[in-house]
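**Student:** Take a look at the letters that make up each chain.
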Amino acid sequence: MNPLERYAPLVEDRAAFFAACERPLPSVVRVNTITATPERARAALDEEGVGYETVEWNPNLLRLDERGPGTSWPYFHGWLHGQEEVSALPAMVLDPQPGETVWDSCAAPGSKTTQLSALMDDTGIVVGNDNNLGRLSALRHNAERLGVTNLAVTNQDGRNFSLKPFGFDAFDRAIVDAPCSCEGTIRKNPDTLDQWTLEHVHSVAAIQKGILSRAIQATRPGGTVVYSTCTFAPEENEAVVDHVLETEDCAVVGFDNPLESRPGVTEWDDETYDPSVEKTHRIYPHLNDTGGFYCAKLEVTA
Amino acid sequence: MSDADETADTAELQDNVGQQFGRLPATPADREVAGRASRQEVVEFFDERFGIEPAVFEEFSFWEKGKGKIWVFADEMPTPIRIEGLGMTVLRTRQEHWKPTHSAVQRFGRHASQNVIDLTPEQAATVARGEDQDLPEWEGDWGYLIAAHELAGEREPIGVGLYVYDELRSTVPKGNQEALSVL
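Read top to bottom, the protein sequences are chains H and B. Under numbering that gives the first Met the number 0, the residues of the first sequence are numbered 0 to 301, in order. Under numbering that gives the first Met the number 0, the residues of the second sequence are numbered 0 to 182, in order.
Isolated chain H, as found in the complex:
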């Protein structure tokens, strides 16, 4: 059985949901504002005859008509980075400010990390961590290609991340774009569900809880933590947020979502979650013609 069938009760338009999951994703690039303005990047694409349309909710995102971004002058210059449209959301929700200190707990291969740097005008500090040393080289390569200079790269287990190497004891903000069962990437990787098991969902949820807990602990009171996944499973989304609401000093904060979304669910599979998870956002592929996504914004309260 298609594992996505378990979410049919959550999506209002079952047919549209499954039809969208079958379609390939549009090719989207983000303009790297460290090295170019959106105007200049668009002018360069025009000179090359590459067609695109601007994404309404973010002028730095461009949907390309055809080919991938890799073989064009603006890409060569580090003005563009291939990034799925919906995955540009969590960094925007985190809203890091220039000069701040920000933790990206699961950074590789670096699309969101380098977006954070750009949002901070490449000032302050982004600590980009990943537990996978192999994936760190992709992060390093992407950051270097995009001219990022405010990134410190670490290779730790996010669940017990140590601030000891640094000259500060808390982050202003943190983002946990957690490893997940990736159901929402079905449009990019059609075989992503071949390995799907409920056991894997539960084991990855335990890791997500550990990393998100650490992110809240490592962020100063009043700071912001954003949690996101590319999966539909409530076990990996609302249940993880519900867990940290019980165990850590934090609260869910609502946010205006420029993309169409549905509220987080408070009941799933005989479990009930804290009512405030309704302020988190579920994004299904058919709502905005993107991948599937989940995003929660938390405030650290003590």
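Hints are computed from structural coordinates only; laboratory data are not their basis. Backbone N, C-alpha and C fix where the C-beta goes; we use that ideal spot for every residue, glycine too.
Distance ranges between label pairs, derived from CB positions:
# : chain 1 : residue 1 : chain 2 : residue 2 : range
1 : B       : Leu182    : H       : Leu192    : 39 to 49 Å
2 : H       : Glu198    : B       : Gly152    : 53 to 63 Å
3 : H       : Asp168    : B       : Pro53     : 29 to 39 Å
4 : H       : Asp193    : B       : Lys98     : 43 to 53 Å
5 : H       : Lys187    : B       : Glu136    : 41 to 51 Å
6 : H       : Pro23     : B       : Lys98     : 34 to 44 Å
7 : H       : Glu277    : B       : Glu121    : 53 to 63 Å
Position chain B against the provided structure of chain H, taking the given hints into account.
**Tutor:** Then chain B, alone, in the frame of chain H:
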């Protein structure tokens, strides 16, 4: 200066530790690690070679990890620090001719006012492919140049070219080389 000279000059200095980032000393007089370039020398290199004003680097810190590999970071960190990356690589020192990195030239090259070679669309595409080309018309300095072209109305640095014997050699790293259109 050769490695042998460095060792003789700096007998009581510490050895460079390749696995950690060490902040560059402010000036050569502040040097504590043998053979390590100073911040002043790095900033002067970019100023003297490319006319990139020292003010461009004012807010940045400079670090060495590995032998002679210099990194630029937007903020500060305690030194030494053992992490996987700190900012981006900018310069290769501890060799006769210091070499700016591809990423440094793409990031900071737009501030350059000298030793920039403006290329035709055909020549620009050749550099981006990582290929060498005859370029006898260049009458400027030999050595490392910023190869640039015009894109979307302004000059834009492509990467580092090494100019010797009427030839412009592309040093664009393999992973960045690309067959691009002649605009």
